[in-house]
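Novice: Chains as they are written, first to last, in this note's numbering: chain A, 1230 to 1489; chain B, 2 to 271.
One or more of the hints may lead you astray.
Claimed, not checked - Selected chain B positions facing chain A (Cβ under 7 Å, derived; list incomplete):
{"hint": "1", "residue": "A48"}
{"hint": "2", "residue": "A51"}
{"hint": "3", "residue": "M193"}
Stated by the list, open to error - If you want the ones that stay clear, here's a sample from chain A, every Cβ over 10 Å from chain B, calculated:
{"hint": "4", "residue": "M1256"}
{"hint": "5", "residue": "G1271"}
{"hint": "6", "residue": "R1329"}
{"hint": "7", "residue": "G1372"}
{"hint": "8", "residue": "V1405"}
{"hint": "9", "residue": "A1468"}
{"hint": "10", "residue": "V1476"}
Said to hold, decoys possible - Computed footprint of chain B on chain A, listed as stretches where at least three residues anywhere in the stretch have a Cβ under 8 Å from a Cβ of chain B:
{"hint": "11", "segment": "1310-1320"}
{"hint": "12", "segment": "1443-1452"}
It is worth saying that the hints were derived from the structure and are not from the lab.
Just so you know, these numbers come straight off a predicted model, no measurement behind them.
A virtual CB, placed ideally from N, CA and C, is assigned to each residue, including glycine.
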Amino acid sequence: MDTLVLYIRYLAISLRAQLAYRATFAMKTIGHLLVTGIEFFGIWALFARFRTLGGWQLHEVALLYGMVDVAFSLADGFGRGFERLGRLLKAGDFDRMLLRPRSIVLQLLGYELQLMRIGRFAQGIIVLGWASTFIAWTPATAGLAVVSILATACLFLGIVVLQATSTFWTIETLEVWNAFTYGGNYAAQYPMSIYQRWFQRFFTAVIPLVLASYYPARAILGRDELTVLHVLAPLAGFAFLAAMLGVFRLGLRHHASTGS
Amino acid sequence: MMGYIAIIAARFRALLQYRAAALGGLFTQTFFGLVRIMILRAFYAAATVAAPMSLPRVVSYVWLGQATLLLIPWRTDEDVAEQIRTGNVVYELTRPLDLYGVWFARSLAWRTAPVFLRMLPMFVVAMVIVPLVAPGWELAPPASAAAFVMWVACFAGAVLISAALTALMNVTLMWTLTGDGVPMLVATCATMFGGLVIPLPLFPEWAKPVLYALPFAGMLDLPSRVFSGDIAATSAPWVLAHQLAWTLVLVALGRWLLSRGVRRLVVQGG
């Protein structure tokens, strides 16, 4: 309980700090809405020219896109502390955090709630809303959609945690990880069936994006009969985050401070 | 003039130090390149109507975009941002150099050195390694010797537009201070309307005249199409004219805004 109160206070402080520069905040949020809005405009443009993608229609891809984008914005918004770990390490701020009598994971999660991610979140919701009008929702599929989005958010957060863990060794945040965070988000906006085998296998077995978002989406769209497997598949996203937090704790043991 | 050249040379040398970062970037750029190509190949496979650009050319276009990705003005110059935030920018004004000129010179180096570091290995990957693993997915050699020569010229033009845009973004820091908003808007427009995400020729016909006219096309799209022969080498001078015209406009805009910003500047002694 105490933990939750503390976490909410962290978030409140972070929000107030961001609202101090209002013009920048407004521009960042609108910018984010546009960045992602333009992204969907791009998908629309491709469909306007080619009509179909491996048997998928625009509104079907829109569902995938909306689900993954909402999930990514959540992970991005809440994972800022992990994302900045390299900087915290370099400045020695991380050592100060370790001294506090609270879990380090909690402190990193509460480090900063990036409010401007609301832009991407809102845009994802809008696309999702539009795609929804083509879908015959049932309570089961609606519940599956929520679980899938949360699972995918946890999965992306897991990648960010892994990225943070690597900075215990490298200090500098490596651009390599962008391939899995932004690259994973980008790839998962399209049906996984269009990719090469090796690519699908990687995103099923190593980073289970296919399980967390693609399979549930297939069931929601009525492309697959909804089975218990479709419900179990997204759990891989939660498991992934749990595993990555375990790796993070292991990595923490190797942390030797930068001496600054 | 010597002063500006010295700034360019110094920045260029400093930026060439980040070779490990470039190598990490190479992996990410290759990854994104492969995903983009897989998506476009899937669209082409299902196409019932002929696309305005052939698949091999689209694939080359994607690789060229990935190779010259850092031409896009992703961020403002951090040193300049720091100067403006702390107020140290007034020291810059005491130097016998024009402030805009200094910023433009820094931008010029910033938009060249990192691009070179990434472009050359990316070319090796896309032209030599990719065809060994996946034939048909490679960056094809330039359409002709003339196309290559014109591409080099257009690449220089792209650097000019990009540097002018970066300098303009630096100037806006005088108003926004924290300054992540403007770069984000510019980078978004540049990635989408420059053709990084989706090749501009694949956009709907009605949108194309506008997209081709914007400065963003001059950074990635137009030079890439000169390289692949989609724009004939004989038409390339038009591309150069487009790039130079936009550079002049952006420089004029940047200078004007900066002179207004400097006028507002109040130096508090102490």
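Novice: Now, for every hint given, state plainly whether the structure supports it.
Specialist: Hint by hint, here is what the structure shows:
1. A least Cβ separation of about 5 Å between B/A48 and chain A falls short of the 7 Å threshold, and the interface hint therefore holds.
2. Given the 7 Å rule on beta carbons, the hint for B/A51 is violated: about 10 Å separates it from the nearest Cβ of chain A.
3. The closest approach between the C-beta of B/M193 and any C-beta of chain A is roughly 4 Å, which is under the 7 Å cut-off, so the hint is satisfied.
4. In this structure A/M1256 is not separated from chain B by more than 10 Å, as the shortest Cβ-Cβ distance comes to only about 3 Å.
5. A beta-carbon of chain B is positioned within 10 Å of the beta-carbon of A/G1271; the least distance is around 4 Å.
6. Distance check on A/R1329: its Cβ is at least 27 Å (rounded) from any Cβ of chain B, clearing the 10 Å threshold; non-interface status holds.
7. Every C-beta of chain B lies more than 10 Å from that of A/G1372, the closest at about 30 Å, which supports listing it as non-interface.
8. Not every CB of chain B lies more than 10 Å from the CB of A/V1405, the least distance being 5 Å, so the non-interface label is violated.
9. The Cβ of A/A1468 lies farther than 10 Å from every Cβ of chain B, with a closest approach of about 24 Å, so its non-interface assignment holds.
10. The beta carbon of A/V1476 is kept farther than 10 Å from every beta carbon of chain B, the shortest such distance being approximately 20 Å.
11. Evaluation of the coverage hint for the segment 1310-1320 of chain A: breached, as 0 residues show C-beta separations to chain B shorter than 8 Å, against a requirement of three.
12. With 0 residues having a Cβ less than 8 Å from any Cβ of chain B, the segment 1443-1452 of chain A misses the three-residue criterion, and the hint is violated.
Of the numbered hints stated above, those contradicted by the structure are hints 2, 4, 5, 8, 11 and 12, listed in ascending order.
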